[in-house]
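Trainee: Take a look at the letters that make up each chain.
There are 6 protein chains.
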Amino acid sequence: MKIITFGEIMLRLKTPGVERLFQSHSLEATFGGGEANVAVSLANYGMQASFVTALPANAIGDACIRELRGLGVDTSLILRQGERMGIYFLEAGANALPSKVIYDRAHASIATAGPEAFDWPAIFEGAGWLHITGITPAISEAAMQNSLACVKAAKETGLTVSCDLNYRKNLWKYGKKASEVMRELVKFVDVTVANEEDIQKALEIEADVHVESGELDTEAYKKLSNKVLECYPSMRMIAITLRESQSADVNGWAACLNDRNNFYLSKRYQITDIVDRVGGGDSFSGGLIYGLNHFSHPREALEFAVAASCLKHSVNGDFNRVTLEDVKKLMGGDASGRVQR
Amino acid sequence: MKIITFGEIMLRLKTPGVERLFQSHSLEATFGGGEANVAVSLANYGMQASFVTALPANAIGDACIRELRGLGVDTSLILRQGERMGIYFLEAGANALPSKVIYDRAHASIATAGPEAFDWPAIFEGAGWLHITGITPAISEAAMQNSLACVKAAKETGLTVSCDLNYRKNLWKYGKKASEVMRELVKFVDVTVANEEDIQKALEIEADVHVESGELDTEAYKKLSNKVLECYPSMRMIAITLRESQSADVNGWAACLNDRNNFYLSKRYQITDIVDRVGGGDSFSGGLIYGLNHFSHPREALEFAVAASCLKHSVNGDFNRVTLEDVKKLMGGDASGRVQR
Amino acid sequence: MKIITFGEIMLRLKTPGVERLFQSHSLEATFGGGEANVAVSLANYGMQASFVTALPANAIGDACIRELRGLGVDTSLILRQGERMGIYFLEAGANALPSKVIYDRAHASIATAGPEAFDWPAIFEGAGWLHITGITPAISEAAMQNSLACVKAAKETGLTVSCDLNYRKNLWKYGKKASEVMRELVKFVDVTVANEEDIQKALEIEADVHVESGELDTEAYKKLSNKVLECYPSMRMIAITLRESQSADVNGWAACLNDRNNFYLSKRYQITDIVDRVGGGDSFSGGLIYGLNHFSHPREALEFAVAASCLKHSVNGDFNRVTLEDVKKLMGGDASGRVQR
Amino acid sequence: MKIITFGEIMLRLKTPGVERLFQSHSLEATFGGGEANVAVSLANYGMQASFVTALPANAIGDACIRELRGLGVDTSLILRQGERMGIYFLEAGANALPSKVIYDRAHASIATAGPEAFDWPAIFEGAGWLHITGITPAISEAAMQNSLACVKAAKETGLTVSCDLNYRKNLWKYGKKASEVMRELVKFVDVTVANEEDIQKALEIEADVHVESGELDTEAYKKLSNKVLECYPSMRMIAITLRESQSADVNGWAACLNDRNNFYLSKRYQITDIVDRVGGGDSFSGGLIYGLNHFSHPREALEFAVAASCLKHSVNGDFNRVTLEDVKKLMGGDASGRVQR
Amino acid sequence: MKIITFGEIMLRLKTPGVERLFQSHSLEATFGGGEANVAVSLANYGMQASFVTALPANAIGDACIRELRGLGVDTSLILRQGERMGIYFLEAGANALPSKVIYDRAHASIATAGPEAFDWPAIFEGAGWLHITGITPAISEAAMQNSLACVKAAKETGLTVSCDLNYRKNLWKYGKKASEVMRELVKFVDVTVANEEDIQKALEIEADVHVESGELDTEAYKKLSNKVLECYPSMRMIAITLRESQSADVNGWAACLNDRNNFYLSKRYQITDIVDRVGGGDSFSGGLIYGLNHFSHPREALEFAVAASCLKHSVNGDFNRVTLEDVKKLMGGDASGRVQR
Amino acid sequence: MKIITFGEIMLRLKTPGVERLFQSHSLEATFGGGEANVAVSLANYGMQASFVTALPANAIGDACIRELRGLGVDTSLILRQGERMGIYFLEAGANALPSKVIYDRAHASIATAGPEAFDWPAIFEGAGWLHITGITPAISEAAMQNSLACVKAAKETGLTVSCDLNYRKNLWKYGKKASEVMRELVKFVDVTVANEEDIQKALEIEADVHVESGELDTEAYKKLSNKVLECYPSMRMIAITLRESQSADVNGWAACLNDRNNFYLSKRYQITDIVDRVGGGDSFSGGLIYGLNHFSHPREALEFAVAASCLKHSVNGDFNRVTLEDVKKLMGGDASGRVQR
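Residue numbers (the numbering used here), protein chains in the order written: chain A, 35 to 375; chain B, 35 to 375; chain C, 35 to 375; chain D, 35 to 375; chain E, 35 to 375; chain F, 35 to 375.
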C-alpha cells in the first residue's frame with residue numbers, strides 16, 4: 035500500500051534543551067510538519083510513503099529533501115518552486131511553563147503554489163491512501179483550494195482518505211473560518227483523527243468535554259464521535275486522541291476509535307518525562323494508518339497508534355524515530371523501560 | 035515606580051546539564067546574584083529597575099553589564115572598581131543527589147568597596163523602592179556597613195524597603211554572626227521575605243517547623259510570621275516561602291503572607307521536573323514587589339509572586355526569563371503546560 | 035585493603051541527552067565496564083583499587099588508562115596487547131522507550147588474551163579482595179578460562195572473592211551456556227551480588243519473582259537467597275538488587291542481603307528522574323565492598339550500597355562520581371536534594 | 035554626538051564552524067544587518083548610537099532588542115509591528131569555497147512598514163549624524179520611500195549623512211533598478227562608503243578596476259573617487275574599501291579616502307585566517323564615523339576605520355566586538371598578535 | 035549512466051575541531067569509506083550511483099543507510115549481514131602535527147562476507163560503470179576474492195572499470211602482499227587513479243619522485259604514468275594525484291592524466307586552510323568519473339576532478355558536499371572565495 | 035630521573051574557538067600553569083614527574099588532581115589547603131587580534147601557603163631535578179619566599195635546577211620588583227630558559243633585540259646569552275626561545291642554547307595555523323629537560339625541545355599532548371603533516 039501525504043514541511047528551529055528562545059546562541063535545526071511527520075512514521079515502519087509539497091529551490095529545500103529521503107520517504111513528487119520554506123520556532127517548556135511555537139510560515143512555497151502546480155491523477159498513480167490534515171487548508175487561500183482538489187481527486191481515484199482535523203488558531207488568516215472549509219473537506223474523508231478542540235473548532239460540533247481540567251470523561255467522547263459520524267455519513271471511522279495535560283512534562287495519553295460498529299477506548303499511558311510532544315498527534319495518525327493496514331481488528335490498530343504516539347513523546351524532533359519493535363513491545367504491555375542489551 | 039536593588043552579582047559557572055563538576059571540560063558561564071536577580075525580574079515585567087553594585091573594570095565586568103543591560107536593567111549606577119568579580123560554581127543534582135554550590139566570592143569588588151563608594155542620596159534619586167538581601171551584609175565587614183548605610187538612607191529618603199533574609203551558612207566569615215547584623219538591618223525593612231531557616235538563623239526567632247521532613251505545617255508558619263512582626267513593629271508585612279524538597283527534581287512550592295491584617299496562604303504548586311531552582315527565592319521577591327505595586331489586594335501580589343517563582347524552576351540560569359503573560363496565565367489557574375501555538 | 039577487579043572495560047559511545055542513535059552527529063565518548071566501574075567506585079571512596087584487563091597499545095587504550103588513573107584506580111597491572119578495545123553504543127530512552135545497548139565487543143584484547151597473559155600470584159600480591167562479574171566469562175572461551183583461573187588463584191591466595199552474576203543474554207556466544215560456567219565459578223565466591231534474572235539464568239535456580247510486573251515480593255527474595263546459599267556452601271553471603279522498572283525514568287531501587295545469619299531488606303528509594311542507570315548494579319557492588327570493609331554491621335554495608343547505587347542513577351556515565359559524603363548523607367536519611375551551599 | 039542608523043536587522047543563522055548548511059543539526063543564532071552593525075560599532079567605542087527599524091512584536095524581536103541594548107545601542111526608537119523578522123542563512127566557506135548567504139528577508143517588518151511609521155523629526159531630535167546603506171532601499175518599495183524620506187529629513191534637520199552604497203544583486207526585486215534610487219539618495223549624502231562594484235552598480239559610474247583578479251590598482255581608485263565627487267557636488271568625501279579576495283580565508287584589506295583636498299591610501303593588511311568577513315564593510319563605516327568625530331585629520335580617521343575593520347575579520351558574528359584599545363593598538367602598528375597578559 | 039561502487043563504509047569517529055583523541059568526551063560520528071565517498075560525489079552531482087557493501091543488521095547499519103540514501107545514493111543493493119561495521123578514529127592535526135587514523139575495521143561485515151554474498155550479474159544490471167579501490171582487497175581474504183570477482187564480472191558485462199589504487203600500509207594483514215593482488219586486479223581496470231606511493235606499493239613500479247620533500251617533479255610523473263600504461267595494455271588511462279604536503283593545513287594539490295594520447299597536467303591549487311583532507315582522493319575519483327561522462331575533452335574531466343577535490347579540503351567529513359556549481363566556478367578560474375549573496 | 039616542579043596551577047577558562055569573552059555562554063574549563071605544564075610534558079614522554087603546589091580542598095582542586103594524575107603526573111606531594119584556586123580567563127585571538135589573558139589568581143592557595151607548608155628535604159627525596167619558573171615568586175611575598183627556599187634546598191640536596199624566567203608584567207604586585215628577586219633566585223639555577231624580554235625584565239640585562247619587529251637577529255642572542263652566563267657563574271647553560279610573532283595565527287619559532295662551550299641555533303619552524311600558543315614556552319622547558327636527560331648531545335636536546343614546543347602550538351590547552359614519536363618525527367625533519375594511517 036503506497037500512501038500519499040500532502041501538506042507543508044517547515045524548518046523547525048528549537049532552543050537546545052529547555053531554554054527560552056535565544057537564551058543561548060544556538061538553535062537545533064530540523065524539519066517537520068503534520069503530513070510530513072505522518073509520511074516519516076509510515077516509511078519508518080516499512081511502508082511506501084510519498085510526501086507531496088512545494089519547496090524552494092535552494093540549499094534549505096535541498097537539506098529538507100535529504101532528511102526525508104534518508105528516512106525512507108519518497109520525495110520524487112516534491113515540487114521545487116516558490117520563494118521560501120516556512121519556519122517554526124520552538125521554545126521548550128517544563129512543568130507549568132508551556133512550550134511555545136512562533137510560526138513564520140507565511141509566503142512559503144506551499145502557501146503560494148497555485149492549483150496548476152499539482153497534477154493529482156499523476157500523483158495518485160499506484161497509491162492506495164491519502165493523508166491530509168486541517169493545517170494545509172489553513173495556510174492560504176491557494177493551499178485551501180489545493181487541499182480540496184486533493185481530497186476530491188483522491189476520493190474519485192478510489193483512495194482511502196484520512197484527515198487529522200488539527201485546528202490551529204493562529205492560522206486561518208486569509209479570510210475563511212476553519213469550519214467553512216473543513217466541513218466541506220471532511221465530506222471526502224474516510225478516516226478522521228481529531229481531538230475535542232479540533233472537532234469544536236473545525237467542524238463546529240460542540241464537545242461536552244473540558245480540556246483545561248486535565249481530566250477525562252470517556253462517555254462524552256463516545257457521544258461526540260457519534261455526533262461526527264452522524265453528520266458525515268461517508269466517514270467510516272473517527273479516532274479521537276485524549277491528551278490530559280498535567281504539565282509540560284506530564285501528560286496522560288490515550289485515544290478512542292468509533293468505527294460505527296464499536297467504540298473502542300485504548301489503554302491509557304501516563305507519560306511522566308516528556309522529551310518532545312510536538313508531532314505527537316501526527317505519530318498517532320501514522321500509527322493508525324499503519325495499524326489499519328496491518329492488523330485485522332480496529333482495536334489493534336488503535337492500540338498500535340496509541341503506543342506509537344506514546345513513544346513519540348520520548349523522541350526529540352517532529353519525527354517519530356522509534357522502531358516497529360518498540361511499538362509492538364509497548365503495545366504488548368511492556369512499558370517498563372528496562373535497558374535492552 | 036523605580037526600584038533600586040543593591041548587592042553582589044557573580045559569574046555563575048555551571049556544569050552542562052546534570053553533570054558533576056569537570057566531568058566534561060565545559061562550563062555554562064552566566065551571571066547571577068540575589069539582588070541582581072530581583073532587578074532582572076522587575077525589568078522583565080516592565081518595571082524600572084536599577085542594580086547597584088561594584089564590578090572590576092575588565093572584560094568580565096563588561097560582559098556582566100552587557101547581560102544586565104540587555105535584560106532591561108539600568109546599569110548606570112554600577113561602580114567599576116576593585117580587583118575581581120565573585121564566582122560561584124554550580125553542579126546540578128538530580129533525584130536524591132543535591133545540586134552543590136562552591137563559592138569563590140571573597141575579595142570581590144563589592145566586598146572590598148568602602149563606605150565612600152556609594153552616594154546613597156544620589157542613588158535613590160527618583161526611586162521609590164529599595165530591595166536588599168541578607169547575602170550582601172554576609173560578604174564582608176565593608177559590605178555589611180554599606181548594607182546598613184543603604185537601608186538607613188533608603189528609609190530616610192522615604193523609600194519602601196524590602197529584604198530577603200537569605201541566610202547562607204558558608205558566608206558570615208568576617209567575624210559577625212548573621213543575627214548580630216540582620217536584627218539591626220531588619221529594623222529598617224517594610225517588606226520581609228524569608229524561609230523558616232532564614233528566620234531562625236538571621237533573626238534567631240525559633241521556628242517550630244521542620245524543613246528536612248519535606249512536609250508542611252501551615253499553622254506554624256502563621257505563628258512564626260506573627261512572632262517576627264511582633265519583634266519588628268515597623269515591618270509592614272512578611273512573606274515566607276514554603277519549599278518542600280522531595281528531591282532535587284521534585285519540590286512543593288507555596289508561600290504565605292502576613293500583612294498584620296491577614297495571613298494568606300497561597301496556592302501550592304507541585305513542581306516535578308525542576309530545571310533550575312537557584313534564584314527561585316529571588317524570583318519570588320521580584321514577583322512580590324511587582325505584585326504589591328500592580329495589584330490592589332495582597333493576596334493577588336502573593337499569588338503572582340508564587341506563580342512567578344514556580345515558573346522560575348523551569349528556567350535555566352539565575353534569572354527568571356518568563357513573561358508577564360506566563361505568570362498571569364499560571365496565576366489564573368492554567369498549569370497544564372499545553373503547547374502554545 | 036587493596037582490591038583487585040578483573041574484566042573488560044569498553045569504549046562507551048552514547049547519544050547526547052535522550053537521542054536516538056545518530057539522530058545528531060555527536061557521541062559522548064567515555065569508558066565503562068562492570069569490573070572497572072567497581073574499581074572506580076572503590077577508588078572514589080578512597081580505597082586502593084587495581085583494575086586488571088588487557089587493552090590495545092594505541093591511543094584509545096592510552097585514553098582509557100588516563101581516565102582510570104585520573105579517577106584514582108591503579109592501572110599498573112593492565113596489559114597492553116591485542117587488536118582492539120570493545121565498544122558499546124548506548125541510546126538513552128525515556129518513559130516507555132527503553133535505553134538500548136549495541137555491543138561491538140567481539141575480538142577485544144581481553145577476549146583474545148590467553149591464559150599465559152595473567153600471572154595471578156603476582157597480580158594478587160598485597161591484595162585482600164577480588165571482584166569479578168559474570169560478564170567476563172561470557173565474552174570468549176579464553177576470557178572464561180582466565181576468569182576461572184582468576185577466582186581459583188584468588189581463593190588459594192586467601193583473598194575474599196566477590197562476584198556480580200550479571201547475566202547478559204547477548205553474550206555467551208562461544209559455545210557454553212552461562213550456567214555451565216557460572217555454577218563452577220560461583221563455588222569460589224564468598225560474596226555474591228545478583229538480581230533475580232541473574233540467579234535464574236546463571237545458576238539455573240528458579241526464582242518465583244516477576245520482573246516485568248514492576249512489583250516487588252520480598253518474601254520470595256528471602257527464599258531465593260536461601261536456595262542459593264544452600265547450593266553453594268562456601269558462599270558467605272548473597273545480596274540481591276531489587277529494581278522495579280516503572281519506566282526508563284522511574285525506578286524503585288532497593289536490595290536485600292542474606293548472610294546466613296539474617297536476611298536484611300534495605301530502605302527502598304523511588305528514583306523519579308533517572309539520569310543514567312547503566313552501571314547501577316556495579317555501583318551497588320562497589321558500595322557493598324566498601325561497606326563490608328568499613329562498617330561493623332552487614333545492614334550498614336547493605337544500606338551504604340543501596341544509597342550509593344541510588345545516587346549513581348543521578349550521574350551520567352558508567353562511573354559513580356558521587357562522594358563518600360553524598361552517600362553517607364543519603365544513607366542517613368536526607369533524600370531531600372536541597373541545594374548545598 | 036548622537037548617531038542614528040536606519041535599516042534592517044536580521045536573524046542570522048550560521049552553520050557552526052566551517053560546515054555546509056544542515057551538515058549538522060545546529061545553527062548559531064545571532065543578529066545582524068548593515069546599519070545595526072554600524073550602530074553596534076559606535077556604541078562599542080563609547081558613542082551614543084540609536085538604531086531605527088521595525089521588528090515584529092514577538093519573542094524573536096524581543097531577543098534582538100535585548101542583544102542590541104546589551105551592546106549599548108539605544109533601542110527606544112525601534113517600532114514593534116509587522117509580521118516577521120528577516121532571516122539570513124550563512125554557510126561558512128574555506129579556501130576556494132566561498133561563504134554563501136541565503137536571504138529569507140521578504141515580508142519583514144521593515145519591508146512592510148509604511149511612510150507613516152517613522153516620524154523623522156522626532157527621531158532626529160538631539161542627533162547629529164545619520165547613517166544608512168544601500169541595502170534598506172533595496173528591500174521593498176516602502177523601504178525605499180522611507181530611506182529617501184529619511185535622508186531628506188536628516189539633511190533638512192542639519193545632520194551629517196553617511197551612506198554605504200552596499201549593492202546587493204539579490205535584492206532590488208520590487209521593480210526599481212538600484213541606480214534609479216541610489217543616484218537620487220546619494221544627493222543627500224555627505225560621506226559615502228563603497229567598494230568598486232557598489233559604485234558601478236548603484237551609481238552606474240564605470241570603474242576601471244577588476245575585482246576578481248585579486249590585484250589592486252590604486253591610481254584607478256583615485257580616478258574613480260574623483261568621478262563620484264564630480265557627479266555629486268554636495269558629497270564631502272568618499273571612502274572606497276579595497277578588498278583583495280585571495281581565498282575565503284585570506285584577504286588583503288585596505289581603503290582609500292578622497293575628501294576633495296587629498297586622496298589618502300591606507301595601510302594594507304594581509305589577513306590570513308579570516309574568522310568571519312560578514313560585517314567587514316559595516317565595521318569600516320562604523321570606524322570611519324568614529325574616526326571623523328574623534329581625530330583631527332582625515333588620514334587618521336581612515337586608518338582607524340581600516341584597522342577596525344581589519345580586526346572585524348577576527349570576530350565571529352556581524353558585530354565588531356573589539357575594543358577601542360584593540361583598534362588603536364593595530365592603528366599604531368602592532369599587528370603582532372602577541373598574547374596580552 | 036548508472037555507476038556501481040563496491041567496498042567498505044565505516045563509522046568515522048573524529049575528535050571535534052583540532053583535538054587529540056579523547057581530549058574532550060565528544061566524538062563526531064559520521065560515515066565514510068573510499069568507494070562510498072565516490073558514490074556520494076556522483077549522486078551529489080546528480081548521477082545515479084549505487085553503493086554495494088555489507089552492513090550489520092543493527093541501528094548503526096540503519097543509520098549509515100539513512101545517511102547514504104539521504105545524500106541520494108542508491109542503497110538497495112546493500113546486504114545486511116555480519117556482525118559489525120568497521121570503525122575508524124580520526125584525530126585532526128594542525129601545522130606539523132599530522133592527523134592520525136586508528137583503524138578498528140577487522141571482522142566487519144564486508145570483510146567476512148563470502149563469495150556467495152554478491153550476485154554480480156544482478157548487481158550490474160542497468161549499470162555502465164564500476165568503481166573500486168585498492169582498499170577493499172586489502173581488508174581480508176574474502177574481500178579480496180570478492181574484489182577480483184567483482185572487476186572480472188564488471189569487465190565481462192561490459193562496464194567501464196575504474197580503480198583508485200589507494201595503498202594502505204596498515205591493511206594487507208591477511209597474508210598477501212598488496213602487489214600480488216593489485217597487479218592482477220588492475221588487468222581489468224580501464225581508468226586508474228593513484229598517487230606515486232600507490233603505484234610503487236600496489237604495482238611495484240618504481241617512481242622517481244619524492245613525496246616527503248613536498249616538491250613536485252612533473253616530468254617524472256609523465257614517465258611513471260607511461261610505465262604503468264605499458265605494463266597494463268588494456269588500461270585506457272591513468273590519473274595521478276599530486277599532493278605536496280607542506281603541513282597539515284597547507285597542501286599543494288594538482289593531478290595529471292595520461293590517456294595514451296596525451297599527458298595533461300592540471301592547474302595547481304595552493305590550499306592554505308585545510309578543513310579535512312580525508313576523502314580528498316575519493317573526491318578526485320568521483321570528479322573524474324563525472325568529468326569523463328560529462329565533458330568532451332579529457333583535460334576538462336581532469337580539471338573538474340582537481341577542482342572538485344580541491345574544494346573537498348574545505349568540507350568536514352569524508353563526503354564532498356560541494357555543489358556542481360561550486361566545482362564549475364572554481365574550474366572556471368574563480369578561486370577568490372568571495373561571499374556569495 | 036624523577037623531576038620535581040613547583041608552582042601554581044590554575045583553572046583555565048577559555049572561550050570556545052575564536053570567540054570574545056562571553057560572546058557565547060560557554061567556557062572551556064581545563065587546568066594549566068607554567069610548572070604544571072612542564073610536569074605534564076615530562077610525564078607524557080614517560081619520565082617520572084611530580085608536581086608540588088597547594089590546592090583548596092574542594093571539588094575544583096579534586097578535579098585538577100584527577101586531570102594531572104590521569105596525565106601521569108605524581109600528585110601525592112600536592113597540599114590541600116587555602117581558600118581558592120587561581121583562575122585565568124583566556125580569549126583566543128586571530129590575525130592581528132591578540133589572545134588576551136585576564137588573571138584572577140590573587141589569594142590562591144599557593145599564594146597564601148606559608149614557608150612551613152613545604153618540607154623540601156622530604157619533597158626532594160629520590161628526585162634528581164627541580165624545575166621552577168619566574169611566575170611563582172611573582173605571585174605573592176609568601177610564594178616568593180617559598181620559591182627561594184625551594185631552589186636553595188634543591189641545590190643543597192644536589193638536584194639540577196632549571197628555571198624559566200617567565201616575566202609577567204601583571205604579577206609582581208606585592209612590593210618587589212622582578213629583578214630584586216630573580217637575580218637572587220637565578221644564582222641557584224643550572225639551566226635557564228628565557229626569552230629576550232624575560233632577561234631584560236627579570237635580570238635587568240639589556241638585550242639588543244627587538245621583539246615587536248617580528249624579525250630575528252641571531253648574533254644578538256649569542257651575545258645576550260654570553261652576558262647572562264658571565265653574570266651567573268654557576269649557571270651551566272641558558273636556552274633562549276625565539277618567537278617571531280607575525281600574527282596571532284602565524285609565528286616563527288626557534289631557540290638557541292649556550293652551554294658555555296658552544297652556541298647552538300635550532301632549526302626554525304614557521305607555524306602558520308596556531309591552535310593555542312599558551313604553554314608554548316613550558317613545552318620547550320619540558321622538551322629541554324627531557325632532551326638533556328635522554329640525548330648525548332646538547333644540540334639534540336635543543337632540537338627536541340624546539341620540535342616539541344613547535345608541536346604544542348597545534349594542541350588546545352596548556353598541556354602538550356603530543357607523543358614522543360610525534361616530536362622525534364618532527365625533529366627528524368618530517369614536518370609534512372601527512373595523514374598517518
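Accuracy of the hints is not assured; some may be wrong.
Put simply, identical chains are the same to the list, so a pair is met inside one copy or across any two.
What the hints assert, rightly or not - Heads up, simulated SDA-like pairs for lysine to any residue below, C-alpha to C-alpha not over 25 Å straight-line: (1) Lys203 with Arg372; (2) Lys203 with Gln115; (3) Lys211 with Leu299; (4) Lys257 with Pro332; (5) Lys189 with Val373; (6) Lys261 with Glu238; (7) Lys362 with Ile136; (8) Lys207 with Asn295; (9) Lys36 with Thr191; (10) Lys256 with Glu62; (11) Lys203 with Gln82; (12) Lys134 with Gly366; (13) Lys363 with Gln57.
Please keep in mind that the hints were generated in silico from the structure rather than gathered at the bench. Computed from a predicted model, the values in this text were never measured in an experiment.
Trainee: Each hint needs a verdict: does it hold in this structure or not?
Mentor: Status of the hints after comparison with the structure:
Taking the shortest alpha-carbon separations for Lys203 and Arg372, only the inter-copy value of 14 Å comes in at or below 25 Å, while the best intra-copy value is 40 Å. For a Cα distance limit of 25 Å, the shortest separation of Lys203 from Gln115 across copies, 20 Å, qualifies, whereas the shortest one inside one copy, 27 Å, does not. Taking the shortest Cα distances, Lys211 and Leu299 never come within 25 Å of each other, neither inside one copy (31 Å) nor across copies (45 Å). For a Cα distance limit of 25 Å, the shortest separation of Lys257 from Pro332 inside one copy, 19 Å, qualifies, whereas the shortest one across copies, 45 Å, does not.
Taking the closest pair of Cα atoms, Lys189 and Val373 never come within 25 Å of each other, the shortest separation being 45 Å inside a single copy and 33 Å across copies. Taking the shortest Cα distances, Lys261 and Glu238 sit within 25 Å of each other inside one copy (11 Å), while across copies they are farther apart (58 Å). For the homomeric pair Lys362 and Ile136, the shortest alpha-carbon distance between copies (20 Å) is at most 25 Å, but the shortest distance inside one copy (35 Å) is not. When the C-alpha separation of Lys207 and Asn295 is checked against a cutoff of 25 Å, the pair qualifies neither within a copy, at 38 Å, nor between copies, at 51 Å.
Taking identical chains as interchangeable, the C-alpha atoms of Lys36 and Thr191 lie at most 25 Å apart only when both belong to the same chain, with a minimum of 14 Å there against 34 Å between chains. Taking the shortest alpha-carbon separations for Lys256 and Glu62, neither the intra-copy value of 40 Å nor the inter-copy value of 48 Å comes in at or below 25 Å. With identical chains, the CA atoms of Lys203 and Gln82 are never at most 25 Å apart, being 32 Å at best within one copy and 34 Å at best between copies. Taking identical chains as interchangeable, the C-alpha atoms of Lys134 and Gly366 lie at most 25 Å apart only when they sit on different chains, with a minimum of 18 Å there against 34 Å within one chain.
For the identical chains of this complex, Lys363 and Gln57 are inter-copy neighbours only, at 22 Å across copies versus 39 Å inside a copy, given an alpha-carbon limit of 25 Å.
The structure fails hints 3, 5, 8, 10, 11 (numbered hints given earlier, in ascending order).
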